[in-house]
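Asks: Given next are the chains, with one letter for each unit.
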Amino acid sequence: MKASIHSTSYYLPPGTLSNSDLCELFPQLTEKDIYKRTGINNRHITSTGVVGSDLGFNAAIKLFEENNIDRSQIDYLIFCTEGLDYKGPATACILQHRLGLNQNCGAIDLPFGCTGFTYCLSVAKGLIESEQASSVLIITSDIPSTVIHPDDSELRMIFGDAGAATLVVAKEASDIGVGRYSFGTDGSGAENLMVERSGTRNPANAEWFQKNEAAGGMVYGQMKMNSVEIFTFALRVVPPMIADILEKNMLNKNDIDLFIFHQANAFLLSVLRRKLKIEEDKFFICMENVGNTVSASIPIALNEAIKKGKIKSGNKVLLASFGIGYSWSGTVVTF
Amino acid sequence: MDITSFIHSIENEIEELTPGSLKPDTEFSSLKEWSSMHVLILIALIDSEYNVTVNGSDLQQCKSVNDLFNLVKSRH
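Listed in order, the protein sequences are those of chains A and B.
Counting with this note's numbering, you get residues 15 to 349 for the letters of the first sequence.
Counting with this note's numbering, you get residues 98 to 173 for the letters of the second sequence.
Calculated directly from the structure, the hints in this document are not laboratory data.
Keep in mind that a hint or two might mislead.
[Said to hold, decoys possible] Listed next, the in silico DSS-like pairs over lysine-lysine satisfying Cα-Cα at most 30 Å (straight line):
| hint | chain 1 | residue 1 | chain 2 | residue 2 |
| --- | --- | --- | --- | --- |
| 1 | A | K238 | A | K16 |
| 2 | B | K129 | A | K50 |
| 3 | B | K120 | A | K50 |
| 4 | A | K50 | B | K160 |
| 5 | B | K160 | A | K238 |
| 6 | A | K46 | B | K120 |
| 7 | B | K120 | A | K330 |
[Stated by the list, open to error] Quick look at which bits of chain B chain A covers, simulated, 3 or more residues with Cβ under 8 Å:
| hint | segment |
| --- | --- |
| 8 | 129 to 139 |
| 9 | 151 to 162 |
[Claimed, not checked] Anything over 12 Å on all C-beta distances counts as not near chain B; from chain A, calculated:
| hint | residue |
| --- | --- |
| 10 | E168 |
| 11 | E243 |
| 12 | D271 |
| 13 | E302 |
Note that the structure is predicted; figures quoted are calculated from it, not measured.
Backbone N, C-alpha and C fix where the C-beta goes; we use that ideal spot for every residue, glycine too.
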């Protein structure tokens, strides 16, 4: 039994933040400069009170409708976000009920960031290939805009909010599906990308809310990124990860039809592409209109690549993600 | 590797720099065009041209073009 990606859908909140909006807010920036630095023209931004699970819920409903999915067949739900509804109960339990999934459905939260999708896919593969589940719904949904300080032009330039839903199902065929994985972790880089004051260690307190009063209190915490360190981290770990993924799947670079990386920043992606000597038409970049959507970025890119005819039946697609943690992981999916 | 070709590579990669404007003793902080983006371009350039990885703290220690050249050369 092999785990196979059946379908993906995504949902973007209606609010937007364009490069021209950013230039109005930060007069030192130009639209051309923002695009050159990020490869992004526009981002979608959630509105007050609309959280990650809401975007994820809408993405799942779209997935069911666009692909005629019988939701009663889903026997496991994995919800991935860095913005859970509550510390308890698991947001996945709330989503099981909201989505009308069966009560014999397993449901877990997998709170993760940039590598969230590839991690969820590895868990889905494990569940399916060990015959614990046969139809796993992965919802990856993030609202980074809620943890970015309004004065932080650099982070506002990069991140956008989105929800994505992916159905992974058991297939008898042996020549398709999710391949072997490469994982990596280096917690020594934790402080270089972190949402401060967002949990039980150093929680937000009265002093914090007061200090950030003009920014609405920064009630979910505040994302801080050392972009130089994150950039060098990616240059350091991604090429060996790609080599490891290929080796574990007994493939050569030329066997891969399309490379889809976590859509971190188009400038970084193009540097990685050149470093890895991957041809431009085999390297999918999909962030111009959505920005870096954290755990939703790979399924959004997968959905767009399929729509654009870049992925056809039998194609091998290498998925790789890297970021907050530090964490990295990837695999090859045969469609 | 020599400093002339090192400077030439940097001027080639960073379009805001006028060719010939960068000298070995030029301090990066004195360049009016200098931004955080240029730091990333520089890291990417050194990585691809010389196969040397420099990080944020390395760059903080390199005030001038010559400092950076010497660092890259020592790891090349």
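Asks: Evaluate each hint against the coordinates.
Replies: Going down the list of hints, with the structure as the test:
1. As the CA atoms of K238 of chain A and K16 of chain A are separated by approximately 39 Å, the hinted pair breaks the 30 Å bound.
2. With a C-alpha separation of about 18 Å, the suggested pairing of K129 of chain B with K50 of chain A holds against the 30 Å cut-off.
3. Of the pairs offered as hints, the one joining K120 of chain B and K50 of chain A holds, with about 26 Å between alpha carbons and a cut-off of 30 Å not exceeded.
4. For the hint linking K50 of chain A to K160 of chain B, the alpha-carbon distance of about 25 Å falls within 30 Å, and the restraint holds.
5. Proximity of K160 of chain B to K238 of chain A is assessed by CA-CA distance (about 25 Å); at most 30 Å being required, the pair is judged to hold.
6. Between K46 of chain A and K120 of chain B the alpha-carbon distance is near 28 Å, which keeps this suggested pair within the 30 Å criterion.
7. Restraint check: the Cα-Cα separation between K120 of chain B and K330 of chain A comes to about 48 Å, which exceeds 30 Å; the hinted pair is violated.
8. Chain A is given as covering the segment 129 to 139 of chain B, and this holds because 4 residues of the stretch bring a CB closer than 8 Å to a CB of that chain, at least three being needed.
9. Against chain A, the segment 151 to 162 of chain B contributes 4 residues with a C-beta closer than 8 Å to a partner C-beta. That satisfies the three-residue criterion, and the hint holds.
10. For E168 of chain A, the condition that its CB be more than 12 Å from all CB atoms of chain B is violated, with the nearest at approximately 7 Å.
11. E243 of chain A, annotated as away from the interface, has a beta carbon of chain B within 12 Å; the closest lies near 5 Å.
12. At roughly 25 Å from the closest C-beta of chain B, the C-beta of D271 of chain A stays outside 12 Å, upholding its exclusion from the interface.
13. Distance check for E302 of chain A against chain B: the nearest CB is about 18 Å away, which clears 12 Å, and the non-interface claim stands.
Of the hints listed earlier, those the structure fails to meet are numbers 1, 7, 10 and 11, in rising order.
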